[in-house]
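Residue numbers (my numbering), protein chains in the order written: chain A, 18 to 109; chain B, 18 to 109; chain C, 18 to 109; chain D, 18 to 109.
Among the hints, a few may not be true.
[Said to hold, decoys possible] What follows is a set of in silico ranges between Cβ atoms, one per label pair, in the way DEER data are often shown: (1) ASP29(B) / ASP56(A): 13 to 23 Å; (2) THR59(A) / GLU86(C): 22 to 32 Å; (3) ARG97(A) / TYR53(D): 36 to 46 Å; (4) ASP94(D) / TYR53(A): 24 to 34 Å.
[Unchecked claim] Chain B residues, not near chain C, derived (Cβ > 10 Å throughout): (5) LYS27; (6) LYS36; (7) GLN40; (8) GLY43; (9) MET47; (10) ASP51; (11) TYR53; (12) ILE55; (13) THR59; (14) VAL84; (15) ALA85; (16) PRO88; (17) GLU89.
[Unchecked claim] Here are the simulated DSS-like pairs of lysine-lysine, each with C-alpha atoms no more than 25 Å apart in a straight line: (18) LYS70(A) / LYS27(B); (19) LYS69(C) / LYS70(D); (20) LYS108(B) / LYS35(C); (21) LYS69(A) / LYS36(A).
Derived by calculation from the structure, the hints in this document are not laboratory data.
Computed from a predicted model, the values in this text were never measured in an experiment.
Glycine included, every Cβ here is placed at the ideal spot set by N, Cα and C.
Read off the chains here:
Protein chains: 4
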Amino acid sequence: MPTYGYSDNKEDVLARLKKIEGQVRGLSRMVDNDVYCIDILTQITAASNGLKKVAIALLDDHIRHCVAEPPEGSNKDMVREATAAIERLVKS
Amino acid sequence: MPTYGYSDNKEDVLARLKKIEGQVRGLSRMVDNDVYCIDILTQITAASNGLKKVAIALLDDHIRHCVAEPPEGSNKDMVREATAAIERLVKS
Amino acid sequence: MPTYGYSDNKEDVLARLKKIEGQVRGLSRMVDNDVYCIDILTQITAASNGLKKVAIALLDDHIRHCVAEPPEGSNKDMVREATAAIERLVKS
Amino acid sequence: MPTYGYSDNKEDVLARLKKIEGQVRGLSRMVDNDVYCIDILTQITAASNGLKKVAIALLDDHIRHCVAEPPEGSNKDMVREATAAIERLVKS
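The shape of chain A in the complex, shown without the other chains (with noise of 0.2 Å):
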């Protein structure tokens, strides 16, 4: 059974995800009352904020335990396959 590098701080991030649910749940209420447009860019900017440090975390983990001591054999397509990810993340 394979375990990744997030095991480790598995609450944290599920933590930190609830309270992001909550935050776009909080959106559509806001939305649906009709709330005033820049409050409501700031809590999508929380909320977006919010998942990019989940992401920092994931990948911290990731580079620590499937990057740099891969459980076996190359550990070139994991470089390649993260860079990948973090870039999608800058343009996200």
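Guided by the hints, dock chains B, C and D onto chain A, whose structure is given.
Then chains B, C and D, alone, in the frame of chain A:
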């Protein structure tokens, strides 16, 4: 009763937010099930891009209705407020 | 002869761009001298943040002068054009 | 004498940086000539995307050479340092 710019495509914005909420809930499941980190990062990028699209749609409506044709009084603060929101978004 | 919004703080924008040009030239020197990768990334982030600040300053002036108070005719296209530019910027 | 990861494609990175330097110099000319704001924003986006591409190329080499196969000693700090650089980049 105030109506803000995004009232026009409220349904579209709400549908997008519902989808993003599902993506974030999916992220919790993925982490819970120890899915491969890179696949989780891809889903984070998708949710993050979704949030940015909602933000751009709200901004378009906001600039169109609140900045270009302010309901009353000076629009000076509205421009400053809008660009401050854009700046936070660009940095998120 | 048309004068655009950023004419007001042209000197400030030009000074920022001059600094960014120097930062990019510095990046070439750093790469040429085999400077440690992380230090180069820090300098890239500084230049990138500088470009974003110039973009926000130009956008503020553009929304203030061309969108909020269009010189003539409809401002519909100007809003679309502005938000399209914001979208490209947010994704850059 | 230390050789860092990006030494491999140094010429490519230097060529990209030279192009970006030209784009930033072009930006100064555009502002000086009162070019339409949206066209300047498009050029800023191009330079910004160019810088991000250089950053990703350097990161790929860094992770490949310095993190995945560290020259000596512990690589713990290198991962932390790399993800901190990625975080600054993602937020820039």
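Each hint tested on the structure:
no.	hint	in the structure
1	ASP29(B) / ASP56(A): 13 to 23 Å	holds, 20 Å
2	THR59(A) / GLU86(C): 22 to 32 Å	holds, 26 Å
3	ARG97(A) / TYR53(D): 36 to 46 Å	holds, 40 Å
4	ASP94(D) / TYR53(A): 24 to 34 Å	violated, 45 Å
5	LYS27	holds, 18 Å
6	LYS36	holds, 19 Å
7	GLN40	holds, 18 Å
8	GLY43	holds, 23 Å
9	MET47	holds, 24 Å
10	ASP51	holds, 30 Å
11	TYR53	holds, 26 Å
12	ILE55	holds, 21 Å
13	THR59	holds, 16 Å
14	VAL84	violated, 5 Å
15	ALA85	violated, 5 Å
16	PRO88	holds, 13 Å
17	GLU89	holds, 14 Å
18	LYS70(A) / LYS27(B)	violated, 29 Å
19	LYS69(C) / LYS70(D)	holds, 16 Å
20	LYS108(B) / LYS35(C)	holds, 22 Å
21	LYS69(A) / LYS36(A)	holds, 13 Å
In summary, the structure is inconsistent with hints 4, 14, 15, 18 from the numbered list given earlier, while agreeing with the others.
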